[in-house]
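A.B. asks: Sequence:
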Amino acid sequence: MKNVSIIFLKRFFIVIILITYSLSIFSQNSFTYTKPKSSFLIYNKKRDNISYLESKATKVDNYLPNNFDKQGKYDYTKFVQKAIDENEIIIFPNFPILINDTGLILKSNQKLIFQDNSKIMLKSSSKSSYAIILIQDVSNIELYYPQIIGDRQTHLNNVGEWGMGIRITGSKNIKVFNPLIQKCWGDGIYISGSTKLNSSNITITNPVLDYNRRNGITIVSGKDISIRNAVISNTYGKSPMSGIDIEPNNDKADISNISISNYKSINNIISGLQIGISNLQGDFDKSININVNDIYTENSQSGIVVGGLYLKNTAGKISGEIKITNAKIIGSKLPIKLGRNYKNGPIVKFDNVVFNKTSGDIDEIEFKKFKYRATSRENINIK
397 MKNVSIIFLK RFFIVIILIT YSLSIFSQNS FTYTKPKSSF LIYNKKRDNI
447 SYLESKATKV DNYLPNNFDK QGKYDYTKFV QKAIDENEII IFPNFPILIN
497 DTGLILKSNQ KLIFQDNSKI MLKSSSKSSY AIILIQDVSN IELYYPQIIG
547 DRQTHLNNVG EWGMGIRITG SKNIKVFNPL IQKCWGDGIY ISGSTKLNSS
597 NITITNPVLD YNRRNGITIV SGKDISIRNA VISNTYGKSP MSGIDIEPNN
647 DKADISNISI SNYKSINNII SGLQIGISNL QGDFDKSINI NVNDIYTENS
697 QSGIVVGGLY LKNTAGKISG EIKITNAKII GSKLPIKLGR NYKNGPIVKF
747 DNVVFNKTSG DIDEIEFKKF KYRATSRENI NIK
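Here the sequence shown is numbered in this note's numbering, starting from 397 and rising by one per residue.
None of these hints come from the bench; they were simulated from the model.
Among the clues, some could well be false.
Okay, the calculated beta carbon distance ranges per label pair [unchecked claim]:
no.: 1; residue 1: Asn462; residue 2: Ser434; range: 22 to 32 Å
no.: 2; residue 1: Arg624; residue 2: Asn505; range: 18 to 28 Å
no.: 3; residue 1: Asn553; residue 2: Ile446; range: 37 to 47 Å
no.: 4; residue 1: Ser434; residue 2: Asp481; range: 19 to 29 Å
no.: 5; residue 1: Ser447; residue 2: Asn752; range: 21 to 31 Å
no.: 6; residue 1: Asn554; residue 2: Ser683; range: 12 to 22 Å
no.: 7; residue 1: Asp747; residue 2: Lys455; range: 13 to 23 Å
no.: 8; residue 1: Asp681; residue 2: Asp620; range: 12 to 22 Å
no.: 9; residue 1: Thr428; residue 2: Ile485; range: 40 to 50 Å
no.: 10; residue 1: Asp679; residue 2: Glu450; range: 43 to 53 Å
no.: 11; residue 1: Asn462; residue 2: Gln511; range: 13 to 23 Å
no.: 12; residue 1: Asp747; residue 2: Ile501; range: 15 to 25 Å
Note that this is a predicted model, so its numbers are computed, not measured.
Using N, Cα and C, we set each Cβ at its ideal position, and we do this for glycine too.
Using the sequences and the hints, build the whole thing.
C.D. replies: In structure tokens:
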């Protein structure tokens, strides 16, 4: 009888495992790619006249081997890195280049220019973490029209979530114009501090970030960060799966003067915008400032998520303001998701929020759900 019970339990657990696996596969296959409307991409497609820079630029072509490949079949990382190491202004060839997961490491006072058909493609990697372009502990960098394709469809294992298109760490005075970043194992763009410095004065203009696995843009720590005219779509594969995620890792982070304007989020699975500041709670008071103006989200589980805080009697207070103005949220089951315990948090203001194709307005649905989940509604203002 005992043996029969053991056999039954083994079979039961096998069935559970098979069901779980099947549900996982179904969940992955249930994702449907949505192409952003062409009208959303008008800013990214515009190229300013930078001939004055191009005339000063050194051609990466000059560093490539004889009879170089123009199809992106061979690894040219060391040749491109040499061009970066030896020059301040470089222009990429008008064809795709394959690089490996060592990535390209920039130095201070550089300008990188990508032509219409210039493209960096990542060779399939097994690393859990990488940066295709690394900007670390440097200053005064300008990237013009970078096109980057990651390895999410050819990654050599299922480990990790930190393969970044552009990683900006502990750097200041960084400008990125019209980046097109797709299919990264982690985030399109990742901004954080380093062991030496916090990142500051970062401007990302007209970015298009599509089908990246974890987030479109992540801000872990930074001061004076501006994101303008972003179009972020189809973020799917590994949580948080948000278009833009502002989420410090610890209480040493600085989240001040973050500005997001004219942002379009399409089909980012969990949320269009997520702000989670609970890790900022520490022994001392902190202050943050986040301003979001003109945000459109479509087909996310939640259009906007503002995470809660830990209920700690000894934690310092987080002051400041999170202000979200002119938000239009379409096709979300829970348009605005609010966390708990905001008594010790910053002021959160929503002004001119419009829902479409949802099951009710904010007074009928969201406040009811918020009251149910939250221990405090202090510092939350929605109108």
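A.B. asks: Does the hinted range 15 to 25 Å hold for Asp747 and Ile501 at CB?
C.D. replies: violated, 42 Å
A.B. asks: So the hint says 13 to 23 Å: do the beta-carbon atoms of Asn462 and Gln511 match that?
C.D. replies: With a Cβ separation near 21 Å, Asn462 and Gln511 satisfy 13 to 23 Å, so the hint holds.
A.B. asks: Note whether the CB distance of Asp681 and Asp620 lies within 12 to 22 Å or breaks it.
C.D. replies: Since the Cβ atoms of Asp681 and Asp620 sit about 21 Å apart, the hinted range of 12 to 22 Å holds.
A.B. asks: Go ahead and decide if the range 19 to 29 Å is satisfied by the Cβ distance of Ser434 to Asp481.
C.D. replies: The hint (19 to 29 Å, Cβ to Cβ) is violated, given that Ser434 and Asp481 are roughly 39 Å apart.
A.B. asks: Measuring from beta carbon to beta carbon, are Asn462 and Ser434 in 22 to 32 Å?
C.D. replies: With Cβ atoms ~41 Å apart, the hint is violated.
A.B. asks: Confirm or reject the claim that Asn554 and Ser683 have a C-beta distance inside 12 to 22 Å.
C.D. replies: violated, 40 Å
A.B. asks: Against the range 13 to 23 Å, how does the distance between the Cβ atoms of Asp747 and Lys455 compare: consistent or not?
C.D. replies: Distance hint for Asp747, Lys455 is violated at roughly 49 Å.
A.B. asks: A range of 21 to 31 Å was offered for this pair. Does it hold for the Cβ distance of Ser447 and Asn752?
C.D. replies: violated, 44 Å
A.B. asks: Range hint 43 to 53 Å: satisfied by the CB atoms of Asp679 and Glu450?
C.D. replies: holds, 52 Å
A.B. asks: Could you tell me whether the CB distance from Thr428 to Ile485 stays inside 40 to 50 Å?
C.D. replies: Hint holds: Cβ distance 42 Å, inside 40 to 50 Å.
A.B. asks: Does 18 to 28 Å hold as the CB distance between Arg624 and Asn505, or does it fail?
C.D. replies: holds, 24 Å
A.B. asks: Regarding Asn553 and Ile446, is the given constraint of 37 to 47 Å on their beta-carbon distance met?
C.D. replies: holds, 40 Å
In this structure, the hints that do not hold are numbers 1, 4, 5, 6, 7, 12, in rising order.
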